[in-house]
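Protein chains in written order, with the working numbering: chain A, 1 to 397; chain B, 398 to 688; chain C, 689 to 936.
Incorrect hints may have been included.
Claimed, not checked - Okay, the calculated beta carbon distance ranges per label pair:
no.: 1; chain 1: B; residue 1: P678; chain 2: C; residue 2: E921; range: 45 to 55 Å
no.: 2; chain 1: A; residue 1: G48; chain 2: B; residue 2: P678; range: 50 to 60 Å
no.: 3; chain 1: B; residue 1: I576; chain 2: C; residue 2: G753; range: 40 to 50 Å
no.: 4; chain 1: C; residue 1: M892; chain 2: B; residue 2: C579; range: 27 to 37 Å
Just so you know, these hints were derived from the structure itself, not from any lab. Using N, Cα and C, we set each Cβ at its ideal position, and we do this for glycine too.
Here are the chains, one letter per residue:
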Amino acid sequence: MQQIRTDAHIRQVSRTVRNIRHTPMIPLWAIIGGTAIVALIGAYPYYGTDAYVLSLLGKFLCYAIFALSIDLIWGFTGILSLGQAVYFGIGAYVIALSLKMNYTLTHATRYGHKIPDFMEWNGLTEVPHFMTPLMNKPFAVVCALAVPTLLAFLFGAITFKRHIYGVYCAVITLAEALILQDFIIEYQAYTGGFNGITDYSNYSGKWFLWFILAVTVAFFIIARVLTHSRVGTVLKSVRDNELRAEFMGYNVANYRIFVFCVSAFMAATAGAMYAAWVGLVSFLDTGPVYSIEAVIWTAVGGRGTVVGPFVGAFLVKGAEFFLSGTLAEWWQIIVGGLFIAVVLIMPDGIVGSLAKWARHRRRAISREVLEDSEPNVEACQLDWDAGATPKVQEKTR
Amino acid sequence: MVMQSIITQLLNGFSVVAILVIAALGLAIIFGVAGVINMAHGELIMVGAYTAAVVGKAGGNTFIAMPVAFIVVGLLGLAIERGIIQWIYDRPLETLLATWGVGIILQTVIKLIFGPELYYVGAPKILRGGFHLIGRLPFPWYRLFLIVVAACLMALVFVVIFKTNLGLKVRAVRRNRAISGCLGIDTARVDMLIFCFGSGLAGVAGAVLAPIKSVSTTMGFPYAVDSYMVLVLGGVGNLWGVVAGSGLIGEAETILSFIFNNVIGRLLVFLFIVVIIRIVPRGIFGYSERQ
Amino acid sequence: MAALLEVKGLTTKASGFTILNNLDFSVDENEIRVLLGPNGAGKTTLICMITGQYKPSAGTIRFAGQDITGWAPDDIFLAGIGRKFQVPNIYETLSVYENVMVCLRSRREVFATLFHRLSGEDKDRIWEILTLIELADKAQYPANALAHGERQWLELGMLVASNPKLLLLDEPTTGMTEDDKHKSVELIRKIGQAHTVLLVEHDMHIVRQIARTVTVLHQGQKLAEGPLGEVMENSMVREVYLGKGKGH
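Just chain A, with the same shape it has in the complex:
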């Protein structure tokens, strides 16, 4: 029990106390770096002329939010959902439907009906009654965000309450996405089927880009605060050791449901903005392939970090847009290789690996300091007096 309290040890303790006391919620480098990136993207309409790049920027931001939503549940809470695109897709379809119906009020179809063209092709002569409320844009926005969140709540309440997650959750969510996709294809009179919904007036100006950017920033700040607050610690503790968390009085299922809903809300927002920005949604945006693709963005960037999804989405999607044109088929092989490489070589992702490296460096330095210092001889003397063998090495192990 005799403890050698070397000066170095005491210094170490006080340094640790200081470090923990003064760790800010959002570190300075993140504020500076974040502002720079936001300025870079936000100012594009002023220094760039390429409309294609502009549209890509908005798209990528939506992808980044989508990846962040996966990171929240997978990276921070350990729930792997392979059907996150369901929430993205519902958000996107609701907005697209609303915009399309509004568009057709002023742009009649070839046969003079004021209904979306895909409805006309399928023999409808007027918009079905259950869809008419969506003509009201604010209501559509509320729907686009609330319906997925509610769905996520139901899903969570059904599965997490019974301790279903891990592989089971992954498989069920995967099937969920596949079924929604089938649904959209089958009921093409209401959803546009294979062709998706296109040809409506979308928002593509700089104002909407700034709006997307603002939402992105807000979500990243929310994610950072959420994951570094007490709730975040609880979520991580649930991920690490569910049993312990339960025996510490946390209702694990409720925390999972909560974060799942937040995540679905983010995904839905991303989907809604995507539909409004791009002017095209298809059944692929709700499918399992898209869901898993987004998982890989998160993995490449670094799951369990807030910046990771952003980096991952921009890098992978960016590479796709640059390379898939010239390499076509080979791009798919690169993506496949990326999946394997991330798992085998860099399971922490880019940002995660960097963070780990920085942490190791910091710890190595503090350990050096500890080892260099002389043990406090007086303390040793005391322990001799107490009749015990001093173990000077022990604390510096």
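Given chain A, put chains B and C in place with the hints provided.
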């Protein structure tokens, strides 16, 4: 008349069940025993189907294609295991990502080799046509063949797992990997053989399923998802779970699809599965830990 | 005075085996009770029952005047029972500091936690505990960087942080070196000054240092109970437990 159509649906259901069993068996081995979440399962089936297409071009038929596909896809599985899976057995959820990558690569490579067009594989001559059950109900021979194949494959897997030395080791490893390793079982070798065997079964599934479906690079994925649903419902790591899961899903889907339509049928089956595993979270025949 | 924990007629059956058989058992407030018994006597099962991990087949468990039979683990915790597992059960990737922080006594609901901020008092309490378990210098380390003994102490510290009325310690010294065990004994004694402790332990050296009252379980039933010295003299106890080469 109503009676007759119900019987037809039930019988059709049997062949759907057989298809599910055939497709899910390989996965049951890989996922249930080796613990690998093999997302490339559908692509392994697809490669098996392409093998059957090649064998068909060369003048062979399904009977020849089955062993050939077993060997080809088994070797492919071996390569995947040695190259990738062997490093990540301890991270199951990440095997999912890696094998998804493998799946994408397989799809692309096959597309580069065979082109994007669909292939059609004919059923062997003696299995063409059908016979009449009860009155004028037609029942194709090939469906009967599928049921026989499903039963034979089940029997084969049972023999391998319960009657061979390898099977004994497999069961030991499944129950307690660490102890098995300490007792001199080469767990890495067992894992390798199991992955290889499971892949081979997926290949056979592809060869058998090729005549009832046009062969394309994307044909496998729905099978993979269905197989997972079978395992989740039936219980992982128990072969009876495969039968139970396939039986319930196959019949329910056929009948519900008949009453409503395909999509509603699938949706209802999905909800049904969710409800069941809410009641028994580890599946019907799931391995229950000490309670 | 009513007992803090009172177990009556507790019976557990699992796959045909009766693990606990009509067990009556109680712990008073502010005592350190040691639970002894050979392997398979049902010690860990009893702990699992009390903490709600398994549901009993029959019998009642009363704690601080409430019937907690069949409650969920998190509710039982909120009632005031904390549990230390046999193997260290900590949050591996969280830092030592966060490990303790998560366990601090506070409201556990999602939205209460969402808007919760650590007060200065809370922080002082965390450091106090970290000092108690002598991990203050490693507060920023991820828990998986700790040695085995340190992990056990961390879990003890986490329990203390949650300030339970009753602490269930299931063989907290498993796999420790002699030095570490010694330190654990000190720690448990210190904890015992402010908490009621129920300790499951095999190591008689440790039992001797800690125990005042012991309860011996055998085949799911209470065999003997009383001061350590008395129980040690009990012939039945010697036969079933100490007689089997465990006689220290």
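Broken hints, by number: Going through the list in order, the structure violates no hint and respects every one.
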